[in-house]
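One letter stands for each residue in the lines below.
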Amino acid sequence: MLISLFITCYNDTLFPGTGKAVVRVLERLGHTVEFRQQQTCCGQMHYNTGYHPEAVTIMRKFVADFLDAEVVCIPSASCVAMIRDHYPKMAKEAGLEKEVAALLPKVFEFTEFLTDKLGITDVGATYPHSVTLHTSCHALRSLQTGDRPQRLLKAVRGLDYLELPASDQCCGFGGTFAIKNAEVSTAMLSEKMKAVLSTGAEVCTGSDNSCLMHIGGGLSRQRGTARCVHIAEILASEEGDQ
Amino acid sequence: MSIRVGESAEAATFPKAAKKLLQNTQLRRNVRRATDTIRAKRAKVVEEMPDWQALRTAAQQIKKRTLRDLDTYLVEFEKNCTAAGGKVHWARDADEANAIIIGIIQSHNQKEVIKVKTMTSDETQLNKALEAVGISPWETDLADLIIQLGNDKPSHIVVPALHKNKSEIRQIFLDTMGLKELGHTPEDLAGAARNYLRERFLRVKVGFSGANFAIAETGSVCVVESEGNGRMCVTLPDVLITMFGVEKLIPSFDDLEVFLQLLPRSATGERMNPYNSIWTGVTPGDGPKEFHVILLDNGRTKVLADEESRETLHCIRCAACLNACPVYRQTGGHAYGSIYSGPIGAILTPQLQGMEHSTSLPYASSLCGACYEVCPVKINIPEILIHLRRKIVESGGAALTERMGMAVAGYTLADSGRLATVQKLVQIGRQPLDAIGLPGWSAARDLPEIPTQTFREWWKARGAK
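Heads up: the protein sequence lines correspond to chains A and B, in order. In terms of the numbering used here, the first sequence has 96 at position 96, counting the first letter as 1, and numbering is strictly consecutive. In terms of the numbering used here, the second sequence has 425 at position 425, counting the first letter as 1, and numbering is strictly consecutive.
Chain A on its own, in the form it takes in the complex:
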């Protein structure tokens, strides 16, 4: 399968390791990955903050960039949620209904791509660490990824999976919310960190580097005993990596 990777602006700039991991997993499974250099962003930040015209411009670009792709894989649940939940409505205003309708069924979040599109839970990974999972709100309520990430993690050799308490509770990132309401955001974060640390896990993973940057930033500030790692990086790991 020729898989087009939409890395997202955020991962591209701040978490290239996640992109490399996605490539490693998909290629290990025998697929070909393409990266369309003209890609940029899904428009989520602008849309969620109220900057509609900018978001529409970025949507137009995304649609143009990926319309003819065979399948698009995205290592970010919130960007997929943006595309699935909001593009159809935005497309109506932008006269792109047909294009968006054609594109949507080809767009997958990384973990759902593995489990649903490829039908795989064991990706041949080894990761000898204790891991807990933070399910982002977009993965939980919009994509409804359910137990897909858990199934993938539980199939990883050497991985000790630890359940996160109150896992349906938002971590407090929320995009520009983390800055506009920094105090409330960090109050929410402190509850999340408490939950993560209560598991005793070395690693907190998830399918959104945005949440993980927030949780990881808090853990690092407190010199906590856990760190955050994107799920793609765990699934890419092989014997001898760690």
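The reader is advised that the hints may include incorrect statements.
Okay, the calculated beta carbon distance ranges per label pair [as the list claims (entries may be wrong)]:
| id | chain 1 | residue 1 | chain 2 | residue 2 | range |
| --- | --- | --- | --- | --- | --- |
| 1 | B | 305 | A | 154 | 31 to 41 Å |
| 2 | A | 197 | B | 271 | 37 to 47 Å |
| 3 | A | 68 | B | 271 | 53 to 63 Å |
| 4 | B | 411 | A | 200 | 42 to 52 Å |
In case anyone wonders, no lab produced these hints; they're calculated from the structure. Where is the CB? At the ideal position from N, CA and C, for every residue including glycine.
Start from chain A and add chain B according to the hints.
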């Protein structure tokens, strides 16, 4: 027009109010405890309903239909209520409503009124208006009584004194009820409130209530509650005045079936409310001799006019969204500067009061979607929050720095070459950024290390190999 939602126009911005409240660890503990309890109860009684999702959809459809033909249903309600002996008044805004109520009370030469939970009267600041003309309002809902005696403000739609614990309530009663002694158990506190309230129930000749539902088909009004104080308020006095927002209408009596299943389970985690009062006009020899209804607009028709957000008016005030909200959980209700707090408050107050007064409220959410998930009438609160944010930005209500930042980001992200240039700048700027931190972010969180190579650079280099 004097459209207002209490003092929300003068309230501090959400982040400012929240910052202060976050320091009140006792309040936060009370809020966490209370919302955890209600959430668990709700989850249990919702789970046992095989047709919960179908009920939600039915409620949403009934409300949609009501709002679509609201003009017809309101007139139908007026006709049927009047035929049953009620008097219907229409109030465009807060001042009109208060004037009508004062006029009714004064026409009976009364100086007191017993009230049971009416959020609309908080909107219109009725108590203040009554006191200004020498009429004493007595709140009879236990939680509202605690708020009134403690000179406090409600912090929750269903449980207004949720931010107070038992010992704080005991102290308020001791300070204000003139008691010689008071025990420490919930029974002791309830007993003290009962004695205090019974005296007023038996003495005061005018009652005032809100309504959960008003039925167009029959002209009936429905109030649900847990304490029975509401029942006393609407049956004991000679004169009863009931005020509610125009969106409280439902078309037919049968529609109640849907809402009386959804509301108690969503609000208090009960299968049924202990008291369900439904009355139609007046009945000689039974209950009030005179019954007035005030249909309040106070900005609601303005909300109705906006197709994108009119479903805000579907709300049945169950507060499930407050209990589920991780933001409310941290701050409690006072941060929202309005009788309507939590996620529903964040969309309702700005629309009623006017966006210019509450530009921070639509941003008081991480858009996690927990509110939408539990809403019994399926109000897509996150969507409406985003819609309101758009309105704020379009009307120039966003800060200049934000607008500039977003414009630059928009320009950058419209082209991959520009994005690559900015990424280079970020890499160059990483050391100074590490040193000074990012305002807002870095107070409690470290920034991630900024990689020396972006993904697209890595990909290019990889292909070149």
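Now for the hints, and whether the structure bears them out:
{"no.": "1", "hint": "B/305 to A/154: 31 to 41 Å", "result": "violated, 52 Å"}
{"no.": "2", "hint": "A/197 to B/271: 37 to 47 Å", "result": "holds, 38 Å"}
{"no.": "3", "hint": "A/68 to B/271: 53 to 63 Å", "result": "holds, 55 Å"}
{"no.": "4", "hint": "B/411 to A/200: 42 to 52 Å", "result": "holds, 46 Å"}
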